[in-house]
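Undergrad: Residue numbers (full-length UniProt numbering), protein chains in the order written: chain A, 1 to 281; chain B, 1 to 250.
Hints in this document: simulated from the structure, not taken from any laboratory.
Ideal Cβ positions, reconstructed from N, Cα and C, are used throughout, including at glycine.
All the pointers check out, no bait thrown in.
Lysine-lysine pairs mimicking DSBU-like chemistry, simulated, CA-CA at most 30 Å apart: (1) B:Lys218 <-> A:Lys132; (2) A:Lys123 <-> B:Lys51; (3) A:Lys260 <-> B:Lys83; (4) A:Lys132 <-> B:Lys171; (5) B:Lys233 <-> A:Lys123; (6) A:Lys178 <-> B:Lys51; (7) B:Lys206 <-> A:Lys132; (8) B:Lys222 <-> B:Lys129; (9) B:Lys120 <-> A:Lys220; (10) A:Lys104 <-> A:Lys132; (11) A:Lys142 <-> A:Lys270.
Distance windows between CB atoms, simulated: (12) B:His158 <-> A:Asp150: 57 to 63 Å; (13) B:Leu80 <-> A:Phe194: 31 to 37 Å; (14) A:Ile86 <-> B:Leu209: 44 to 50 Å.
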Amino acid sequence: MIKVLKAGFYSSIQDMGRFGYQEYGVPYSGVMDVLSASMANSLLGNDVNAAVIEITMTGPTLQFFKAITICISGADISPQLNKRSIKLNKAIQVKSGDVLSFGKLSKGFRCYLAVLGGFKTEKVMRSRSMYKGITAQFMLYKDDELDHEDVLTGVASAHASIKVNASHYDSEVINVFKGPEFDLLSKDQQKELFANAYTISKDNNRMAYQLEATLKNNLKPIITSSVLPGSVQLTPSGKLIVLMRDCQTTGGYPRVLQLKESAINVLSQKFTGQSILFKLV
Amino acid sequence: MLKLDKKVTFNLTYKPFGERSILIEWPAVIDETVLQDIIRFKDAIHDFNVKSIVEVKNTYNSLLINYDLVCRNFENEVNLLKKIYKSSDLEHDIVSKLWTIPVCYDPVFGIDLDAISIEKKLSKEAIIKHHSEAVYTVYFIGFLPGFLYLGGLDKSLHIPRKSTPRLQIEKGAVAIGGQQTGVYPNVSPGGWNIIGNTPVAFFNPKLELPCFAKAGDKIVFKPVSLKEHNKIKMLVDAGVYQLENELVND
Chain A
1 MIKVLKAGFY SSIQDMGRFG YQEYGVPYSG VMDVLSASMA NSLLGNDVNA AVIEITMTGP
61 TLQFFKAITI CISGADISPQ LNKRSIKLNK AIQVKSGDVL SFGKLSKGFR CYLAVLGGFK
121 TEKVMRSRSM YKGITAQFML YKDDELDHED VLTGVASAHA SIKVNASHYD SEVINVFKGP
181 EFDLLSKDQQ KELFANAYTI SKDNNRMAYQ LEATLKNNLK PIITSSVLPG SVQLTPSGKL
241 IVLMRDCQTT GGYPRVLQLK ESAINVLSQK FTGQSILFKL V
Chain B
1 MLKLDKKVTF NLTYKPFGER SILIEWPAVI DETVLQDIIR FKDAIHDFNV KSIVEVKNTY
61 NSLLINYDLV CRNFENEVNL LKKIYKSSDL EHDIVSKLWT IPVCYDPVFG IDLDAISIEK
121 KLSKEAIIKH HSEAVYTVYF IGFLPGFLYL GGLDKSLHIP RKSTPRLQIE KGAVAIGGQQ
181 TGVYPNVSPG GWNIIGNTPV AFFNPKLELP CFAKAGDKIV FKPVSLKEHN KIKMLVDAGV
241 YQLENELVND
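Kindly generate the complete structure, drawing on both the sequences and the hints.
TA: In structure tokens form, the structure reads like this:
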């Protein structure tokens, strides 16, 4: 068992998401940065869908009540075990009583804590991903107790550590495809879309990233249709909204672009004030 | 009547939507003939059992096809879908249900009835009558888990959304917004005009079928008293309420 001593800014349990329930209006959810979460899991030899803690901006403080192997990947929020720095992307053995805490955010925005075998929290509609109205709670709170698999053997090479491609954090480029309504934009609007760098507004969370600056928009709203994580909507006021993993299943704004899956991961590591540049692939 | 008398053909467009989805679009109208064609295509895709397709979901005028892996050859997939559409059984009966939803229109719940009554110059009784006499079609579920997009609201009840949305609308609120009516499956902010409340649960994540209704089903609202509402609510909370329904696959 792991106990939450301090909650931090926003942490939640996530796996690869809730699939097969779009017809009922249920969002996919799941880890924002699939690449980083998968790395933490694979370094432990876990199933790719094993539930992890997604940690945003400032980390929680956690205490372990069983010996377990852990791995942290993604953003660098200066993780410490018993106040001593530990490495990212490395399987680390913790003992009962050890305390994991975090410090300064130095790279990225979201990191992932995986434990050997995965977290065994409540499973609703075939997924442990927390989402308001689906799971009993949607984020971690102080004093929460999290169960995990009781495994001590089968640790992946404890020496394995992986170098991460720096562009995952440093690049401004967000690779996109044309969205279903892209062709309704005028040539000038299409050009403008790729010419400007867009700043991420303070309205960014697991549901969507709103971008500052507006695009000239004369498109009519569409008849409510399907949207996906990574859909870029253009609102009547000309604002661009990039939908993320917790987005609703349908929407009525024109879908001008669609992020490449890997670009959703890249955007997940960005935060308020940073800028991005759309690039058609 | 959910069965088409003759084949109506539509010019469909197929668009890639990201790496793992294809979006098929019908003409941009809200129309039951379109819905029936969409559902028939959807059923045909399910029957064809394409292994790589993990999810098929419709809206008013589209079908979203989700693939388990990156869809490498868009043209091949589209050709297969076109073949399925062409061969879809025209005589195929769309099996759907008619659900009777108890609604209490008491002013305790129907907090906007007075305002609608003034604006539309209709008595509250007339509003309730028009709302509960129509048969509504479920087009799809979206916006919130378990939120049904319903067609069939009587023209006399079309009324704009409120200029300032409410921060909190109660679970089960029955409301009108624009040309649509709907039920809030959960507490949520919202801008629709509230005329009543149903004790029926429209979404239960604990069930394998989290929402009883599906696209193509029909809904009627049956007025009940405050007392009946309370009684049904108790049965719903205890998990023993049986929702009235009948098959309409004639």
